[in-house]
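*Asks:* Chains as they are written, first to last, in my numbering: chain L, 14 to 99; chain U, 14 to 99; chain Z, 14 to 99; chain B, 14 to 99; chain V, 14 to 99.
One thing to keep in mind: the hints can contain errors.
All copies of an identical chain are treated as equivalent in the list; a pair is satisfied when it fits inside any one copy or across any two copies.
[To be verified] In the DMTMM-like style, the derived pairs of lysine to aspartate or glutamate whose C-alpha atoms are separated by at most 20 angstroms in a straight line are: (1) Lys99 / Asp78; (2) Lys36 / Asp78; (3) Lys20 / Glu97; (4) Lys99 / Glu41; (5) Lys20 / Asp78; (6) Lys36 / Glu97.
Just so you know, the hints here were simulated from the structure itself, not pulled from any lab data. None of these values were measured; they are calculated from a predicted model.
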Amino acid sequence: MILGTVKSTVVSTRKMPNLVGYKLLLIEPVYGNINQLIVAGDSIGAGIGEMVLVTTDTTTQYAIDRQAPIDAFIVGIVDAPPVEGK
Amino acid sequence: MILGTVKSTVVSTRKMPNLVGYKLLLIEPVYGNINQLIVAGDSIGAGIGEMVLVTTDTTTQYAIDRQAPIDAFIVGIVDAPPVEGK
Amino acid sequence: MILGTVKSTVVSTRKMPNLVGYKLLLIEPVYGNINQLIVAGDSIGAGIGEMVLVTTDTTTQYAIDRQAPIDAFIVGIVDAPPVEGK
Amino acid sequence: MILGTVKSTVVSTRKMPNLVGYKLLLIEPVYGNINQLIVAGDSIGAGIGEMVLVTTDTTTQYAIDRQAPIDAFIVGIVDAPPVEGK
Amino acid sequence: MILGTVKSTVVSTRKMPNLVGYKLLLIEPVYGNINQLIVAGDSIGAGIGEMVLVTTDTTTQYAIDRQAPIDAFIVGIVDAPPVEGK
Numbered sequence: 014m015i016l017g018t019v020k021s022t023v024v025s026t027r028k029m030p031n032l033v034g035y036k037l038l039l040i041e042p043v044y045g046n047i048n049q050l051i052v053a054g055d056s057i058g059a060g061i062g063e064m065v066l067v068t069t070d071t072t073t074q075y076a077i078d079r080q081a082p083i084d085a086f087i088v089g090i091v092d093a094p095p096v097e098g099k
Numbered sequence: 014m015i016l017g018t019v020k021s022t023v024v025s026t027r028k029m030p031n032l033v034g035y036k037l038l039l040i041e042p043v044y045g046n047i048n049q050l051i052v053a054g055d056s057i058g059a060g061i062g063e064m065v066l067v068t069t070d071t072t073t074q075y076a077i078d079r080q081a082p083i084d085a086f087i088v089g090i091v092d093a094p095p096v097e098g099k
Numbered sequence: 014m015i016l017g018t019v020k021s022t023v024v025s026t027r028k029m030p031n032l033v034g035y036k037l038l039l040i041e042p043v044y045g046n047i048n049q050l051i052v053a054g055d056s057i058g059a060g061i062g063e064m065v066l067v068t069t070d071t072t073t074q075y076a077i078d079r080q081a082p083i084d085a086f087i088v089g090i091v092d093a094p095p096v097e098g099k
Numbered sequence: 014m015i016l017g018t019v020k021s022t023v024v025s026t027r028k029m030p031n032l033v034g035y036k037l038l039l040i041e042p043v044y045g046n047i048n049q050l051i052v053a054g055d056s057i058g059a060g061i062g063e064m065v066l067v068t069t070d071t072t073t074q075y076a077i078d079r080q081a082p083i084d085a086f087i088v089g090i091v092d093a094p095p096v097e098g099k
Numbered sequence: 014m015i016l017g018t019v020k021s022t023v024v025s026t027r028k029m030p031n032l033v034g035y036k037l038l039l040i041e042p043v044y045g046n047i048n049q050l051i052v053a054g055d056s057i058g059a060g061i062g063e064m065v066l067v068t069t070d071t072t073t074q075y076a077i078d079r080q081a082p083i084d085a086f087i088v089g090i091v092d093a094p095p096v097e098g099k
């Protein structure tokens, strides 16, 4: 998974029917190329500025109730930024 | 998913039979390396210049009716570019 | 999918039995890091210098008759390089 | 798989129910962009500073007992850093 | 698939039970970022210095007899480095 920070919501009115009901959030990676923002689905209720754990690829399907064309999904909200060695 | 802008159509006459019927669009990523354009299938009717949401990998299969060798598919058209903090 | 140009054939005599019968082609990406060449399976008959459409990952399995350990496969030959705005 | 070094634990109280029970560890890649840290699940008991082998993508599911939205998982602890030619 | 050169073996005593029996090899990519070495499973018997064809992702499962958490696997040994135009 990657660690990311929620930057904003993404609104799409014309979308696939099986995407309806998921909040879509723009995520800035904490590590690596921070300019490479991605869009992840959310059902936990992550808020702007929160640090989240995002899983990608087909493993997203184990985070949702019905199959959907979503390749990134928030699976957890991180309590505090990790501290090296702890 | 990634956010991208539709740049042009991609025409392929000699292609796999199970690709027939899908519009293929060249997509420029909004974030990250914008030179790394990809080709995505489309069934929503995205137009040149529109900002779209693209899912990748095997999750594309949940956006189409029958299985096909397509690793990127447009799943939504974004209403407006996301604004940080909103 | 990515757009790529066929550069050469890749010959492997000692290989997995379920790879036998597929032509293996070295592909140079048209966009992004053009030094990051990949090897894709081919059953359409793409020739050296042709621009092709390559799907990756497990979606390759929908381009072949029997399952095989191939993570990139040519799914179409592009008629002409895409022109922005068309 | 990639080789990585365990840097710290990642704590997430609000997370998907099927993530409960897995230790989440922050991993620094040994090769490539070492700033691109990822979070991997662990059930072997890897410790801070140990060099581990991480598998990604849906192949993680073969390392766990029940399906879960985890795209990186520790599958081995490396005895010693690999030495070229051996 | 990617082309890579076998650099060394990777030894892991504490590992997932379903990884036992596969040789693990450190692979240097021939193209792209050659510093981004990966670890691939091998059952063909590739030797140090040989150029190999590596498949990634879940497609590795079609190269092995039983499912295992391995996201890169050697599927062929290349006869000779590819020559452009041939």
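*Asks:* Of all the hints given earlier, name the ones this structure violates by number, lowest first.
*Replies:* 1 and 5
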